[in-house]
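Protein chains in written order, with our numbering: chain A, 1 to 478; chain B, 1 to 276.
Where hints are given, some of them may not hold.
Claimed, not checked - Looking from chain A toward chain B, a few residues come up when the C-beta cut is under 8 Å (computed):
hint	residue
1	L23
2	T32
3	T44
Said to hold, decoys possible - Taking CB as the label site, the calculated pair distances span:
hint	chain 1	residue 1	chain 2	residue 2	range
4	A	V42	B	Q194	32 to 38 Å
5	A	W113	B	D147	49 to 55 Å
6	B	R29	A	R38	39 to 45 Å
7	B	A241	A	L263	42 to 48 Å
8	B	E178	A	E16	53 to 59 Å
9	B	R163	A	L23	37 to 43 Å
10	A	E40	B	T221	24 to 30 Å
11	A	F270	B	Q22	48 to 54 Å
12	A	V42	B	A241	14 to 20 Å
Derived by calculation from the structure, the hints in this document are not laboratory data. Ideal Cβ positions, reconstructed from N, Cα and C, are used throughout, including at glycine.
Here is how the chains run, residue by residue.
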Amino acid sequence: MTDTPYPNREPSTAGEPLLQELLATAESLRPTLGSGFRDEMVNTLYREAEQLARRAVHTRADRRYDLDQKIDQLVTSPIFGLPIMLILLAAVFWVTIVGANVPSQMIASALFWFEERAAAWFTSLGIPWWITGFLWHGVYRGLAWVVSVMLPPMAIFFPIFTILEDLGYLPRVAFNLDFLFKKAGAHGKQALTMAMGFGCNAAGVIATRVIDSPRERLIAILTNNFVPCNGRFPTLIMLATVFVAASFPPAVASFAAAGSVVLVVLIGVFFTLAVSWALSRTILKGEASAFTLELPPYRVPNIGRILYTSLIDRTIFVLLRAMTTAAPAGAIIWILGNISVSGISLANHIAQFLNPLGLALGLDGVILLAYIIAIPANEIVVPTMLMVYLGTGMMTDLPNLGMLQSLLVGQHGWTLLTAINLMLFALLHNPCATTILTIYKETNSKKWAAVSVVITLGLAFVVTFLTASIARILGWVP
Amino acid sequence: MSTLKLNQPPCETCPANARLAQMGLKMDRFDRVVALAGNPNTGKSTVFNALTGLKQHTGNWPGKTVTRAEGGFVFNNVRYKLVDLPGTYSLLSASQDEEVARNFLLFGQPDCTIVVTDATALERNLNLVLQVLEITDKVVVAVNLMDEARRKGLEIDTRSLSRDLGVPAVPIVARTGEGMQTLLSTMEEVITGQIITHPRRVQGPPEFQQAVETLARKVETLVPGLPNPRWIAIRLLDGDARIQQALVSGELATLMHAQQQADVRFSQKIALDGRQ
Numbered sequence: 001m002t003d004t005p006y007p008n009r010e011p012s013t014a015g016e017p018l019l020q021e022l023l024a025t026a027e028s029l030r031p032t033l034g035s036g037f038r039d040e041m042v043n044t045l046y047r048e049a050e051q052l053a054r055r056a057v058h059t060r061a062d063r064r065y066d067l068d069q070k071i072d073q074l075v076t077s078p079i080f081g082l083p084i085m086l087i088l089l090a091a092v093f094w095v096t097i098v099g100a101n102v103p104s105q106m107i108a109s110a111l112f113w114f115e116e117r118a119a120a121w122f123t124s125l126g127i128p129w130w131i132t133g134f135l136w137h138g139v140y141r142g143l144a145w146v147v148s149v150m151l152p153p154m155a156i157f158f159p160i161f162t163i164l165e166d167l168g169y170l171p172r173v174a175f176n177l178d179f180l181f182k183k184a185g186a187h188g189k190q191a192l193t194m195a196m197g198f199g200c201n202a203a204g205v206i207a208t209r210v211i212d213s214p215r216e217r218l219i220a221i222l223t224n225n226f227v228p229c230n231g232r233f234p235t236l237i238m239l240a241t242v243f244v245a246a247s248f249p250p251a252v253a254s255f256a257a258a259g260s261v262v263l264v265v266l267i268g269v270f271f272t273l274a275v276s277w278a279l280s281r282t283i284l285k286g287e288a289s290a291f292t293l294e295l296p297p298y299r300v301p302n303i304g305r306i307l308y309t310s311l312i313d314r315t316i317f318v319l320l321r322a323m324t325t326a327a328p329a330g331a332i333i334w335i336l337g338n339i340s341v342s343g344i345s346l347a348n349h350i351a352q353f354l355n356p357l358g359l360a361l362g363l364d365g366v367i368l369l370a371y372i373i374a375i376p377a378n379e380i381v382v383p384t385m386l387m388v389y390l391g392t393g394m395m396t397d398l399p400n401l402g403m404l405q406s407l408l409v410g411q412h413g414w415t416l417l418t419a420i421n422l423m424l425f426a427l428l429h430n431p432c433a434t435t436i437l438t439i440y441k442e443t444n445s446k447k448w449a450a451v452s453v454v455i456t457l458g459l460a461f462v463v464t465f466l467t468a469s470i471a472r473i474l475g476w477v478p
Numbered sequence: 001m002s003t004l005k006l007n008q009p010p011c012e013t014c015p016a017n018a019r020l021a022q023m024g025l026k027m028d029r030f031d032r033v034v035a036l037a038g039n040p041n042t043g044k045s046t047v048f049n050a051l052t053g054l055k056q057h058t059g060n061w062p063g064k065t066v067t068r069a070e071g072g073f074v075f076n077n078v079r080y081k082l083v084d085l086p087g088t089y090s091l092l093s094a095s096q097d098e099e100v101a102r103n104f105l106l107f108g109q110p111d112c113t114i115v116v117t118d119a120t121a122l123e124r125n126l127n128l129v130l131q132v133l134e135i136t137d138k139v140v141v142a143v144n145l146m147d148e149a150r151r152k153g154l155e156i157d158t159r160s161l162s163r164d165l166g167v168p169a170v171p172i173v174a175r176t177g178e179g180m181q182t183l184l185s186t187m188e189e190v191i192t193g194q195i196i197t198h199p200r201r202v203q204g205p206p207e208f209q210q211a212v213e214t215l216a217r218k219v220e221t222l223v224p225g226l227p228n229p230r231w232i233a234i235r236l237l238d239g240d241a242r243i244q245q246a247l248v249s250g251e252l253a254t255l256m257h258a259q260q261q262a263d264v265r266f267s268q269k270i271a272l273d274g275r276q
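Could you build all of it, start to finish, from the sequences and the hints given here?
What follows is the structure in structure tokens.
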């Protein structure tokens with residue numbers, strides 16, 4: 001009956017025979033109560049609570065409660081629940097993509113205009129070219145990229161996300177997905193911790209403490225990274241906007257972009273379930289345990305608090321974190337791009353070295369180099385990648401975001417496959433440094449922290465390699 | 001003790017807090033321990049912050065607070081340590097947050113437990129109240145969010161609730177401070193024994209009753225004076241590893257002993273202060 005073994009402690013000697021007798025009695029009495037004893041106890045509790053509440057609560061006009069129930073019947077219904085969820089998700093991404101496009105371009109042109117002016121001013125003062133280059137074309141450019149591609153989508157996405165969270169929609173999402181997790185041999189509450197992972201994977205990992213069984217909790221921890229977090233959403237949205245949308249006619253471009261982000265999220269959920277299933281049948285064997293999930297009442301969101309949480313706690317927090325890693329990343333890229341060995345820059349050397357692997361994955365050497373530089377924070381992968389292209393002189397013109405797609409396609413052989421695989425890689429690759437550290441702290445084991453990296457990175461390689469190979473075999477790309 | 005300024009004049013402008021002094025984390029000694037239990041999102045932390053003057057972060061993710069927060073306040077010259085337990089829906093499972101809450105109620109043996117409930121969802125909240133009543137007698141139920149309930153057209157009959165539960169139920173609005181004074185004086189009366197509680201215990205079928213009784217008697221023989229042998233018996237019947245371990249290691253007896261020592265100390269203090 002008990003899952004955990006007795007600890008090896010010194011028993012109190014005084015009551016030893018009494019104690020043994022007590023435990024033996026408990027063992028012998030337990031079968032007389034029948035197997036449904038525990039359920040019966042829980043049911044009695046619910047019945048009594050209901051009775052007490054009926055006597056103590058009098059309703060004058062219960063319209064609001066009715067409304068709550070009606071909404072729940074709809075959003076958690078077996079037929080409409082999942083479609084409503086998907087439509088809501090797509091709507092959120094669509095609004096973000098459409099709304100962020102113009103501000104992103106405006107911020108980018110303003111910040112890069114300033115870079116040119118500042119660099120020119122430095123030069124006119126007679127400051128050595130390498131100081132100007134390091135500061136303005138390195139550090140500053142890194143920051144400018146991060147701000148222009150990340151700030152607008154975050155400022156739109158996070159408030160909407162926080163409203164959904166405040167309304168109490170996330171537990172409903174968990175409710176809708178519960179049956180899938182049960183089938184995967186995982187805990188139903190994992191759907192909840194997964195939903196929290198959309199906010200932040202590290203928070204999602206900590207949230208797994210609500211899961212009773214250590215086995216199921218470990219599964220939830222190891223798979224949390226498969227949902228894109230706040231830090232990775234801007235990356236995905238940006239890729240969708242610049243690369244996927246541009247491959248479609250303008251009339252449907254924004255819908256295609258939103259659809260592709262939804263697809264990526266669904267792929268993430270699929271991998272969460274698939275890996276959970278695989279884990280619960282291999283190294284973490286066991287059956288799914290039963291649980292009760294409470295659906296909290298809908299509360300009218302508090303606008304002030306939402307703006308505060310989403311803009312200060314989330315947007316500014318993520319942006320600052322991205323900027324603190326982007327500045328050194330920009331500096332490293334500039335150095336790699338401007339130190340040459342036998343006439344070719346270091347960045348080019350490394351990119352060429354990584355290129356065969358990159359091509360096999362449907363990516364290229366520059367993208368892999370960007371991933372290596374961006375290990376401390378996933379947020380800055382795309383900005384880093386663009387900087388490597390720009391900073392190494394591989395892309396000489398400074399494009400606005402709209403021209404980026406045609407330049408990458410024109411000059412660097414990007415295809416739709418490259419964009420799709422980049423999104424897949426962004427979804428699947430290893431957790432950020434913070435999350436890895438959190439996994440280590442929560443499991444208290446270097447082994448499980450390492451396993452989380454191996455699983456995610458391994459899958460990222462396998463999946464992108466497969467999509468690239470299939471696309472090539474079918475002749476979609478050269 | 002003199003540093004505590006126990007007899008400072010009451011704040012003139014805030015009559016609701018006349019006998020309350022928020023101590024935050026400044027208190028290293030205390031006379032009584034009070035636990036705050038309740039479902040997530042019922043305003044437990046609001047109550048905690050209102051009493052201690054601390055600003056504990058209130059997260060909206062259920063299960064985010066899995067450790068307990070502690071703070072202090074002084075009410076009627078008695079120093080209280082207030083322990084904010086993680087919000088849980090139940091105390092039956094073995095998840096970490098629930099275990100933190102349950103172990104504190106059981107082994108920390110607070111002098112009083114305030115269960116904060118959401119007036120707009122009383123039925124779900126009473127589930128936990130009933131489970132807390134199984135563990136400890138000294139309970140005050142704070143029916144919070146009364147303003148929200150009123151807006152929704154709900155009337156809560158706290159008198160009938162008190163009668164049914166066998167412990168006092170106090171309507172409050174923690175955000176505005178409404179009812180907090182009554183909550184504190186009720187808590188005081190429960191601790192001092194001016195209010196004797198008769199907590200409602202879930203009955204269950206006869207064979208269950210009998211098994212529990214048999215086992216409870218044995219628990220009492222093993223650890224005489226234990227305040228809740230019945231609950232221990234139920235957990236043993238359910239095969240609860242944590243409780244078995246507490247029995248085997250003698251943890252139960254040790255904690256009970258420590259609590260009795262604390263009681264002696266407190267009586268001596270009262271004798272010295274010349275109160276009662």
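Status of the hints after comparison with the structure:
Below 8 Å, beta-carbon pairs count as interface contacts, and L23 of chain A has one with chain B at about 7 Å; its hint therefore holds. Among the interface hints, the one on T32 of chain A holds; its C-beta lies about 6 Å from the nearest C-beta in chain B, closer than the 8 Å criterion. For T44 of chain A, the interface hint holds, since its Cβ comes within 8 Å of a Cβ in chain B; the closest pair sits about 5 Å apart. Separated by about 35 Å at the C-beta atoms, V42 of chain A and Q194 of chain B satisfy the suggested range of 32 to 38 Å.
Hint check: W113 of chain A to D147 of chain B, Cβ distance near 53 Å, so the stated range 49 to 55 Å holds. R29 of chain B and R38 of chain A have their C-beta atoms about 42 Å apart, which keeps the hinted 39 to 45 Å range intact. For A241 of chain B paired with L263 of chain A, a C-beta distance near 44 Å keeps the hint of 42 to 48 Å intact. Separated by about 54 Å at the C-beta atoms, E178 of chain B and E16 of chain A satisfy the suggested range of 53 to 59 Å.
Under the hint 37 to 43 Å, the C-beta atoms of R163 of chain B and L23 of chain A, about 39 Å apart, fit the expected range. In this structure the hint that E40 of chain A and T221 of chain B lie 24 to 30 Å apart at CB holds, the actual value being about 28 Å. At about 51 Å, the CB distance of F270 of chain A to Q22 of chain B agrees with the hint of 48 to 54 Å. For V42 of chain A and A241 of chain B, the Cβ-Cβ distance of about 19 Å falls inside the hinted range of 14 to 20 Å, so the restraint holds.
Hint violations for this structure: none, all hints satisfied.
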